[in-house]
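Chains as they are written, first to last, in this note's numbering: chain A, 423 to 725; chain B, 423 to 725; chain C, 811 to 1072; chain D, 811 to 1072.
Simulated from the structure, these hints should not be mistaken for laboratory data.
Every residue, glycine too, gets a C-beta built ideally from N, C-alpha and C.
Check the hints yourself; a few may be wrong.
Pair ranges (Cβ atoms, derived) [what the hints assert, rightly or not]: (1) C/Gly888 / B/Asp425: 23 to 31 Å; (2) D/Lys969 / B/Leu478: 37 to 45 Å; (3) C/Glu828 / D/Ala892: 38 to 46 Å; (4) D/Ala892 / C/Lys847: 34 to 42 Å; (5) A/Asp621 / B/Leu478: 13 to 21 Å; (6) C/Thr914 / B/Asn710: 48 to 56 Å; (7) C/Lys918 / A/Glu528: 52 to 60 Å; (8) D/Ala1019 / A/Asp425: 33 to 41 Å.
Calculated cross-link-like contacts (lysine-lysine; reagent style PhoX-like; alpha-carbon spacing at most 25 Å) [to be verified]: (9) C/Lys889 / A/Lys473; (10) D/Lys1060 / D/Lys969; (11) C/Lys889 / D/Lys918; (12) C/Lys847 / C/Lys997; (13) D/Lys997 / D/Lys969; (14) D/Lys889 / D/Lys969; (15) D/Lys1018 / C/Lys815; (16) D/Lys1060 / C/Lys889; (17) D/Lys847 / D/Lys997; (18) C/Lys819 / C/Lys1060; (19) B/Lys473 / B/Lys577; (20) D/Lys969 / A/Lys723; (21) D/Lys819 / C/Lys889; (22) C/Lys918 / C/Lys969; (23) C/Lys819 / D/Lys889; (24) B/Lys723 / C/Lys969; (25) D/Lys815 / B/Lys436.
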Amino acid sequence: MADLSVNICGIPFKNPIIPASGVFGYGREYEQYYELSRLGGIATKGTTGTKRTGNLPPRVAETPMGMLNSVGLQNPGIDAFIANELPHLLACDTVILANIAGSTAEECAEVAAKLDKTDVHMIELNISCPNVRQGGAAFGTSCTAASQVVAAVRKATSKPLVVKLSPNVTSITEIAKAVAAEGADAVSLINTLLGMRIDLRTRRPILHNNMGGFSGPAIFPVAVRMVWQVANAVDVPVIGMGGVMSGEDAAELMMAGASAVQVGTAIVQDPYAPLRIIDELNDWLDSNHIASAAELTGSVKPW
Amino acid sequence: MADLSVNICGIPFKNPIIPASGVFGYGREYEQYYELSRLGGIATKGTTGTKRTGNLPPRVAETPMGMLNSVGLQNPGIDAFIANELPHLLACDTVILANIAGSTAEECAEVAAKLDKTDVHMIELNISCPNVRQGGAAFGTSCTAASQVVAAVRKATSKPLVVKLSPNVTSITEIAKAVAAEGADAVSLINTLLGMRIDLRTRRPILHNNMGGFSGPAIFPVAVRMVWQVANAVDVPVIGMGGVMSGEDAAELMMAGASAVQVGTAIVQDPYAPLRIIDELNDWLDSNHIASAAELTGSVKPW
Amino acid sequence: MKQDKYTEKLTYSVRSMEQLTAAAWSMVIECPDVAAKAQPGQFVNLLPDGNFTLRRPISICGIDREQGTLRIVFEVRGKGTAALSQLRAGDTVNMLAPLGHGFTLPAKETRAILIGGGIGTPPMLPLAQYFGANAVVISGFRNQDAVILQADFAAAGAKTILCTDDGSAGRFGLVTLPLEEEIAAQKPGLICACGPLPMLRATAAIAKAEEIPCQVSLEERMGCGIGACLVCACRTVDPDGTEQYRHVCKNGPVFNAEEVQW
Amino acid sequence: MKQDKYTEKLTYSVRSMEQLTAAAWSMVIECPDVAAKAQPGQFVNLLPDGNFTLRRPISICGIDREQGTLRIVFEVRGKGTAALSQLRAGDTVNMLAPLGHGFTLPAKETRAILIGGGIGTPPMLPLAQYFGANAVVISGFRNQDAVILQADFAAAGAKTILCTDDGSAGRFGLVTLPLEEEIAAQKPGLICACGPLPMLRATAAIAKAEEIPCQVSLEERMGCGIGACLVCACRTVDPDGTEQYRHVCKNGPVFNAEEVQW
Ligand SMILES: Cc1cc2nc3c(=O)[nH]c(=O)nc-3n(C[C@H](O)[C@H](O)[C@H](O)COP(=O)(O)OP(=O)(O)OC[C@H]3O[C@@H](n4cnc5c(N)ncnc54)[C@H](O)[C@@H]3O)c2cc1C
Ligand SMILES: Cc1cc2nc3c(=O)[nH]c(=O)nc-3n(C[C@H](O)[C@H](O)[C@H](O)COP(=O)(O)OP(=O)(O)OC[C@H]3O[C@@H](n4cnc5c(N)ncnc54)[C@H](O)[C@@H]3O)c2cc1C
Ligand SMILES: Cc1cc2nc3c(=O)[nH]c(=O)nc-3n(C[C@H](O)[C@H](O)[C@H](O)COP(=O)(O)O)c2cc1C
Ligand SMILES: Cc1cc2nc3c(=O)[nH]c(=O)nc-3n(C[C@H](O)[C@H](O)[C@H](O)COP(=O)(O)O)c2cc1C
Ligand code: FES
Ligand code: FES
């Protein structure tokens, strides 16, 4: 039995496996399958300043070893989250990362300020959300916009702040450096790539939103590459994700530089995925005589 | 039997299926399997001003429904290509797209100028090659560098010029518009994404180059998305590629906006892939009572 | 299929597999734990073998608590259902079930009209078995070759009315005509329907006009199937008129027809 | 497996499948067209069923022109070879073969020393059959449990020398010791070797020092397997000293030891 515990920004995690934002809701649906306390942590569904109804359906499409989604940040708003969901989550004996988003830096800061007054453990700021002030391009695709939103949120909270990066950029290391410079305590990556599928019969895009977020095993090599690049570019810890389906995948992302690993699409496919991945990671460590998961972080030896 | 012929920049193609640059060499290895005249066209291995030996092995890794390569543009140089390979290719009764690359705009222009004097049908300029003048970032990742190299090549040749775009950018439409403005007659996309895999046992990246080009079915949804975005942003024809494995995939890329489709990784897996894809496209058109493949181009009806 | 202790929890045996038409298959799955809880209108979510990312939702067509089995009937549409149609007795299948919110059933004595269109007919069978002779099952199909489950409905004791789009079997035309006739003959206490959206919309409109309670089973592309990923949105209206998205996998697949924003 | 006319061309039947050790399997494939052309040292490129992008190269271990079959022997290393090990007699396999440049063989009367390390031993068998009593086969394995093909080598009439890293079977230690002894006993006209790189390097060094022609079969991760994609690069030196990359799948897998940049 290897030591699976990791520590990120001073917060201890039992193990490095965390359901990713958006696939786990607020955890309630999974309690019928297992106790949430077995998880390293939980990243909650992205929450905005006010309630959002999300995009028109269809919101999901399958791709070779992947999926597209266009949920559009459907959520009840930060006040309802704090009132109805957070107390239950905080009683679950696992690390809660409240994932937040907004259309303006002010909205993000306001959401963060409200969370700052709660006992939530960490805030994960998703900067892939379209920035209404800058013509709808995501905050996460320009260093200026990214810096600006992180600066605003940083002022609003003293909680450990994880900034979640978009992979749809020319240089993710530039964005990572910009958000670290503004006081991000950690970065998480990757959010979804942008993809599209067309229904040949109807000649309509499968998603009503035409394009959507591309996740799952297919994107794993992009995740490994970006985690490696970012871990070598910034001094803050990296939480890795993107296509992790097995304990070995988690180990690979950790070697690339991740201190912990989030799991998204794997859970959409199988509610037990995080538990299986924790077990597989432990088994892999044991059979390779590695005492602690934390030793893996950044241990790749580049050529 | 549907009409499979398409026309791009005034060049008639028998059918829209073209082996992509880098997987088909100069066609010789495939002649033992079938006559090259059955193909819509052939995009040849990327050729540079002088001979390149390429990167150290290992140069290939598998990923979920995809692969990474780091060949590093191994090629005999433009003079040897023109002397030893082109005559044979031009005798094959199919459209030859000479794929070229270089480390400087001058190198690319010089290669194009040499091809301009040959009977090659089209030049496909790969701008994913690292630009030595701009610190190694690919030409294809900045509008300025992309414009500059296309302008130089445009001056060097009056052949139909296809510019092959990199997907590793924040906005592929900006790059597409920039190269169209400099006189590209068509664009082709997508080149490989950038990915990485690690060998867990040795803790070494599988590729000696650490990172490599990510291709195959996994990237198909990114290709569909980018082809759709670019086809809506520029007036020049689009040649689509990225993960096409079947006639239906080809039809999907054409609906998204492609006038023809290149096939890469599918051929690495199966030498017969292009013939199978031509047949499947024909069968799909027939069973959907569509008279001509060209009708598909851009026929998606977005929501 | 991977065999770890978690995957085992979702692994069940195929008891039998029968081809009903060129495209439709009937599968009986051994799953005592699921059969014990399953309710009419709920669905199962199957992960086909091969490189599939998403599960495939299929309605429950039969619940046999004694045998500990469920029956599903599905049509081959694409790659996933094609892979499922390859399964044979003794094979295993990865299934998350029972899922969703099923039909809310009044007393068995209620006169109920059950409407199924095409591959929407299977979830009507457990209802026909429940209401027995008090049920009228109106099923519509493209043509004779697509007709399924008529003997099962008859065996349940229900009055069965068959329609086809081309008149090649049963009555010619849409299911709404016999529906109106049956309502005229004797107003039912409940209408249940599953099938293509235009059929559901027309049925809901008739039920509303006649003030008959109506429950419909909806379809939407799904991810998790348990209410967490929010991809299976469906526009609904609250009694106070506010529109919102609810989720087919958790709030549905069965909704009261008035809840749905048609 | 997809069944179109192109895939059919690459689809062959498994005649038999035998497990040799915990990890190693021997497969006989019916492929008269391939067997007719195959040469010792060439390889086959197999696409396992499932979601694999790349084929798996495996050396030819037996060529039976009369039966129209090839034999391969492989070890389960990862997912691809694990999938291949699931195949049984009567199953089909997608194979591109024969590929590559094999051994260049002098007269059968030549004294030849054939060196195989671990899963590098299989390509030595056709050579042992060719040289018969003139061959000395020196095979090295991790331990007793990994030993394969010794009876086959003996049946070919070759002198067989077995070594294991831990002495659990045959001689203790590396294959280079018996190699030097055999050279000392009678200088051979050819050394052929396949196995781990350090073994090949050491063998090549001895052959060079003793001025004995030496051919080695190399491994490199592959794509197309036919010389087009250029991923399977191997550093070689031309006689004039210029270094270049050649390709294991087309110029090799068998190279003259002096060509290789060790
Ligand atoms: C609650 C519910 C109950 C259903 N019950 C039945 C049933 O009893 N019998 C039956 O034959 N079919 C039923 N369906 C439809 C069935 O789920 C689809 O036909 C099936 O998912 C198609 O998968 P495929 O791989 O064959 O098609 P593909 O087109 O290859 O599937 C690709 C993707 O699209 C999704 N998809 C495609 N069509 C549909 C659809 N109509 N509804 C939902 N997702 C779709 C798939 O789940 C998958 O994610 C039901 C759907 C829902 C939502
Ligand atoms: C010319 C040649 C002949 C070979 N002959 C034999 C033989 O006779 N018997 C035998 O057991 N093995 C042989 N090998 C090695 C065999 O190809 C690999 O063990 C096999 O590809 C591993 O695949 P996998 O899916 O099990 O492993 P994975 O690690 O899951 O494979 C992932 C990827 O890595 C590649 N890969 C991994 N290891 C190797 C390797 N050592 N060489 C080449 N590619 C590799 C695979 O092809 C695949 O692309 C040969 C290799 C070459 C190049
Ligand atoms: C259905 C779905 C909804 C998602 N919603 C969110 C979200 O609200 N906020 C966010 O930061 N990421 C969201 N994501 C992205 C995931 O958290 C994760 O970054 C991405 O899916 C890559 O990981 P994976 O390949 O393991 O799924 C969502 C992903 C999916 C599939
Ligand atoms: C082994 C290999 C070598 C390649 N070499 C080149 C090249 O020299 N020039 C180029 O423009 N693209 C090159 N590519 C990219 C392909 O032409 C194509 O853009 C990419 O692989 C996406 O298509 P696919 O998914 O069908 O493979 C190469 C791809 C592979 C797999
Ligand atoms: S499918 Fe995930 S919420 Fe319905
Ligand atoms: S594997 Fe393609 S050239 Fe060798």
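Going down the list of hints, with the structure as the test:
no.	hint	result
1	C/Gly888 / B/Asp425: 23 to 31 Å	holds, 27 Å
2	D/Lys969 / B/Leu478: 37 to 45 Å	holds, 39 Å
3	C/Glu828 / D/Ala892: 38 to 46 Å	violated, 34 Å
4	D/Ala892 / C/Lys847: 34 to 42 Å	holds, 37 Å
5	A/Asp621 / B/Leu478: 13 to 21 Å	violated, 44 Å
6	C/Thr914 / B/Asn710: 48 to 56 Å	violated, 42 Å
7	C/Lys918 / A/Glu528: 52 to 60 Å	holds, 59 Å
8	D/Ala1019 / A/Asp425: 33 to 41 Å	violated, 51 Å
9	C/Lys889 / A/Lys473	violated, 37 Å
10	D/Lys1060 / D/Lys969	violated, 31 Å
11	C/Lys889 / D/Lys918	violated, 55 Å
12	C/Lys847 / C/Lys997	violated, 32 Å
13	D/Lys997 / D/Lys969	holds, 15 Å
14	D/Lys889 / D/Lys969	violated, 36 Å
15	D/Lys1018 / C/Lys815	violated, 56 Å
16	D/Lys1060 / C/Lys889	violated, 37 Å
17	D/Lys847 / D/Lys997	violated, 32 Å
18	C/Lys819 / C/Lys1060	holds, 21 Å
19	B/Lys473 / B/Lys577	holds, 24 Å
20	D/Lys969 / A/Lys723	violated, 44 Å
21	D/Lys819 / C/Lys889	holds, 24 Å
22	C/Lys918 / C/Lys969	holds, 15 Å
23	C/Lys819 / D/Lys889	holds, 24 Å
24	B/Lys723 / C/Lys969	violated, 44 Å
25	D/Lys815 / B/Lys436	holds, 21 Å
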